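Protein chains in written order, with the working numbering: chain G, 1 to 249; chain C, 1001 to 1168.
Incorrect hints may appear among the rest.
Restraint-style ranges between C-beta atoms, simulated for each label pair [as the list claims (entries may be wrong)]:
#1 Leu49/G to Met1043/C: 45 to 51 Å
#2 Thr1015/C to Leu8/G: 30 to 36 Å
#3 Arg13/G to Ala1083/C: 56 to 62 Å
#4 Arg1117/C to Arg13/G: 47 to 53 Å
#5 Leu119/G to Met1043/C: 17 to 23 Å
Honestly, the hints are just simulated from the structure, not real lab data. A quick note: this is a predicted structure, and the numbers were derived from the prediction, not measured. Beta carbons: idealized from backbone N, C-alpha and C, even for Gly.
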Amino acid sequence: MPALALRLQAPERLIDIAHIPDLRGIDLRDGWLRLGALTRHAEAHDHPLIAAHAPLLALAAPHVAHPAIRNRGTLGGSVALADPASEFPAMMLAMGAEMEIAGLQGTRRVPADEFFQDLYQTALEPGELLVALHVPAAGPQHRCAFDEIARRRGDYALVGCGVMLTAPAREVESARIAFFSVGPTPIRALAAEAALTGRRLDGEAIRLAQAALSQDLDPPDDEQVPAAMRLHLARVLIGRLLGRIAEGP
Amino acid sequence: MPVAITLTVNGETLTRLVEPRETLADFLRRDLELTGTHTGCEMGVCGACLVMLDGLPAHACLMFAVQADGTRVETVEGLTGSAALADLQRAFHERNALQCGFCTPGMLISAEGLLARKAMPSREEIRDALSGNYCRCTGYEAIVDAIETVARRRAAGEAALPFAEEPA
Chain G
1 MPALALRLQA PERLIDIAHI PDLRGIDLRD GWLRLGALTR HAEAHDHPLI AAHAPLLALA
61 APHVAHPAIR NRGTLGGSVA LADPASEFPA MMLAMGAEME IAGLQGTRRV PADEFFQDLY
121 QTALEPGELL VALHVPAAGP QHRCAFDEIA RRRGDYALVG CGVMLTAPAR EVESARIAFF
181 SVGPTPIRAL AAEAALTGRR LDGEAIRLAQ AALSQDLDPP DDEQVPAAMR LHLARVLIGR
241 LLGRIAEGP
Chain C
1001 MPVAITLTVN GETLTRLVEP RETLADFLRR DLELTGTHTG CEMGVCGACL VMLDGLPAHA
1061 CLMFAVQADG TRVETVEGLT GSAALADLQR AFHERNALQC GFCTPGMLIS AEGLLARKAM
1121 PSREEIRDAL SGNYCRCTGY EAIVDAIETV ARRRAAGEAA LPFAEEPA
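One chain only, chain G, in its complex shape (with noise of 0.2 Å):
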């Protein structure tokens, strides 16, 4: 809507996908959440099952917007749209989530690995629709931690991040890290992760995660603030949530 009201878009059709029903509910099966892709942000802020199997939403969501906005805004357009500074769609990268997109030729899944291709641009074709959101369920092996820095709440932020570790004892097993608001897509932290991998989450590892940030983000300059800075943002975020995590409930 606000690109419509900057007239930054003219779509000379648009069509309310508001009343489909099968785009709407949330539910839990084979060990996968099914996010229609009209859940509501603010669902994702109360909403049980959420709460319980993709905590990263839940963490995320009072960061998305004004509450306002939140009460009308859904996942699927925030995926959707895949602005390279919301929360949803780096969120997706950081769980592991599927896109389930519907064409004439049928249905498909696309993992979030590959459905961010570059500055507001997805896999999604001409004539398809995101319809889904499928978030492998996070369970008791899984620790997770969100957070971005923004200059007031609810504006755009500087840097933010989700991570989400498989970790069952002390040792992590898995790790995802997600970035966003630090290029044109959504990036996920490979040497981050890598570093994390098969060690105890202890200051030595959140030092060398750290220090894998340069391998994995590369951020451009901006008129709001330098590169480098937005680098050492990112290094201060990612020692932040992993030292959350370290710490424990």
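Once you've looked at the hints, dock chain C against the given chain G.
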């Protein structure tokens, strides 16, 4: 081509023809002459256009009137008429929580939305709830004070005194 919509605005069910391109904010202001819903940024940032849509705060500038078909909309006029906001309006008045008043309708809707969700919010939570409402005159301190006062008064079960304008 105009489209017929039926919705309930401030308790009254009405049917109107609207252009698909018309926003809910413009529909309320131009077609229904409910000019208490203000249009500031018209891109969902300033919060001056907030209305209650099916009981929840929503930006009237971020949706088309056709999308409001079948919904229940309450504007600041309706919520004033029913005295739902009377205690908030009174507290804003007492605490000088407005100067030019442009942001006030949106502030009241956000405040009402917050208090419906959480009866006794902290000052931090009040500030967070107002993060999408811009005020360019008073700053936010007095507004936060007014909302906090109303939360306390409601918790104490104080009946809202009707808000009346002082004689000039």
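Hints not upheld, ascending by number: 1, 3, 4
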